[in-house]
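Enquirer: Chain by chain, the residues:
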Amino acid sequence: MNKMKLKDMFQWQTISGDPTMVGDVTVTPQSQALTIRWPYGGLVWNRPTAVLVERDEQTERIPIVDVTRMAQLGLLGLGLVFSVVIFLISAQHRRERNE
Amino acid sequence: MSDQFDEFVVTTVKNQQQAAEMVEKLFAVAQPGAVYSEPVTVGKNTVITAAEVKVGMGFGYGAGFGSSAELDEDEAAGAEEPKDEEEGMGYGGGGGGVSGGRPIAVINIRPEGVEVEPIVDITKVMLAFFTTLGSMFFMLGKMRKAARR
Chain A
1 MNKMKLKDMF
11 QWQTISGDPT
21 MVGDVTVTPQ
31 SQALTIRWPY
41 GGLVWNRPTA
51 VLVERDEQTE
61 RIPIVDVTRM
71 AQLGLLGLGL
81 VFSVVIFLIS
91 AQHRRERNE
Chain B
1 MSDQFDEFVV
11 TTVKNQQQAA
21 EMVEKLFAVA
31 QPGAVYSEPV
41 TVGKNTVITA
51 AEVKVGMGFG
61 YGAGFGSSAE
71 LDEDEAAGAE
81 EPKDEEEGMG
91 YGGGGGGVSG
101 GRPIAVINIR
111 PEGVEVEPIV
121 DITKVMLAFF
131 TTLGSMFFML
141 GKMRKAARR
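If you read the protein sequences in the order shown, they are chains A and B. Per the working numbering: the first sequence = residues 1 to 99. Per the working numbering: the second sequence = residues 1 to 149.
For the record, the hints were derived by calculation from the structure and aren't laboratory data. Mixed in with the good hints there might be a few duds.
Pair by pair, the computed Cβ-Cβ distance ranges are [as the list claims (entries may be wrong)]:
1) VAL84(A) x GLY60(B): 23 to 33 Å
2) GLU38(B) x GLU57(A): 20 to 30 Å
3) PRO39(B) x ARG61(A): 14 to 24 Å
4) GLY92(B) x HIS93(A): 19 to 29 Å
5) TRP38(A) x ASP3(B): 31 to 41 Å
6) ASP56(A) x GLY95(B): 27 to 37 Å
7) ARG69(A) x ASP6(B): 22 to 32 Å
8) ARG144(B) x LEU73(A): 54 to 64 Å
9) PHE10(A) x VAL13(B): 23 to 33 Å
10) GLY92(B) x PRO39(A): 36 to 46 Å
11) GLN17(B) x LEU34(A): 21 to 31 Å
12) HIS93(A) x MET22(B): 18 to 28 Å
13) GLU60(A) x TYR61(B): 18 to 28 Å
14) GLY97(B) x ARG95(A): 45 to 55 Å
With a cut-off of at most 20 Å between alpha-carbon atoms, the simulated SDA-like pairs for lysine to any residue come out as follows [to be verified]:
15) LYS124(B) x LEU73(A)
16) LYS54(B) x VAL67(A)
17) LYS145(B) x VAL67(A)
18) LYS5(A) x THR35(A)
Every residue gets a Cβ at the ideal spot worked out from N, C-alpha and C, and that includes glycine.
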């Protein structure tokens, strides 16, 4: 197997798909793909990011929000913040008791 | 041995080529066509679904050669009659992969305009919610226990 360059191993790119025409509206989907290659395999994570809507010579970008992922990350953040707060409170209690 | 070795090389090269071709096919998933469906038109509405796609794959090979003369060199040195030299080889390979997809949104193209409606996976959200809630109660319990000491 040839030696791979780092640029070939990791790729993070935004790609536009084929435009779809419906009446006077042209919709172009966009996606973001993370590609990791190694000599004996690879990994691809592709997610939709936005659609470009062209109408009357005006282009509008409508983002695609992953609500499930946002909720999961929000809950994870909440759990982490809660853990840090609990840790700080218990550390303070311990310090007060020792004094 | 030579014929076996030739066969081994040919088979290995062929297998590696096949595996490399399969990995190249994997990278087709990086195209937007993999995450957006074909548009479906019903009446005046056209719908395109958008999904997140994850694919991973890996493979590996291994081979070994050996002869009884090399292996039993120490034992053979003390033996009166030389043993028949036996040679052998072995090779193997394996691979594995994972793939998954999850719908994220529906793009609704109507005469009035284009709308992106998100798809919420309530099962995943509830699982994350109860896991967070559980860890919060666990932390609180630990803190109370520590405060009592």
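Enquirer: Run every hint past the structure and note whether it holds.
Expert: Here is how each hint holds up against the structure:
no. : hint                             : in the structure
1   : VAL84(A) x GLY60(B): 23 to 33 Å  : 42 Å, violated
2   : GLU38(B) x GLU57(A): 20 to 30 Å  : 27 Å, holds
3   : PRO39(B) x ARG61(A): 14 to 24 Å  : 19 Å, holds
4   : GLY92(B) x HIS93(A): 19 to 29 Å  : 59 Å, violated
5   : TRP38(A) x ASP3(B): 31 to 41 Å   : 34 Å, holds
6   : ASP56(A) x GLY95(B): 27 to 37 Å  : 52 Å, violated
7   : ARG69(A) x ASP6(B): 22 to 32 Å   : 53 Å, violated
8   : ARG144(B) x LEU73(A): 54 to 64 Å : 29 Å, violated
9   : PHE10(A) x VAL13(B): 23 to 33 Å  : 28 Å, holds
10  : GLY92(B) x PRO39(A): 36 to 46 Å  : 18 Å, violated
11  : GLN17(B) x LEU34(A): 21 to 31 Å  : 26 Å, holds
12  : HIS93(A) x MET22(B): 18 to 28 Å  : 59 Å, violated
13  : GLU60(A) x TYR61(B): 18 to 28 Å  : 51 Å, violated
14  : GLY97(B) x ARG95(A): 45 to 55 Å  : 52 Å, holds
15  : LYS124(B) x LEU73(A)             : 11 Å, holds
16  : LYS54(B) x VAL67(A)              : 18 Å, holds
17  : LYS145(B) x VAL67(A)             : 37 Å, violated
18  : LYS5(A) x THR35(A)               : 13 Å, holds
Consistency note: the structure conflicts with the earlier hints numbered 1, 4, 6, 7, 8, 10, 12, 13, 17.
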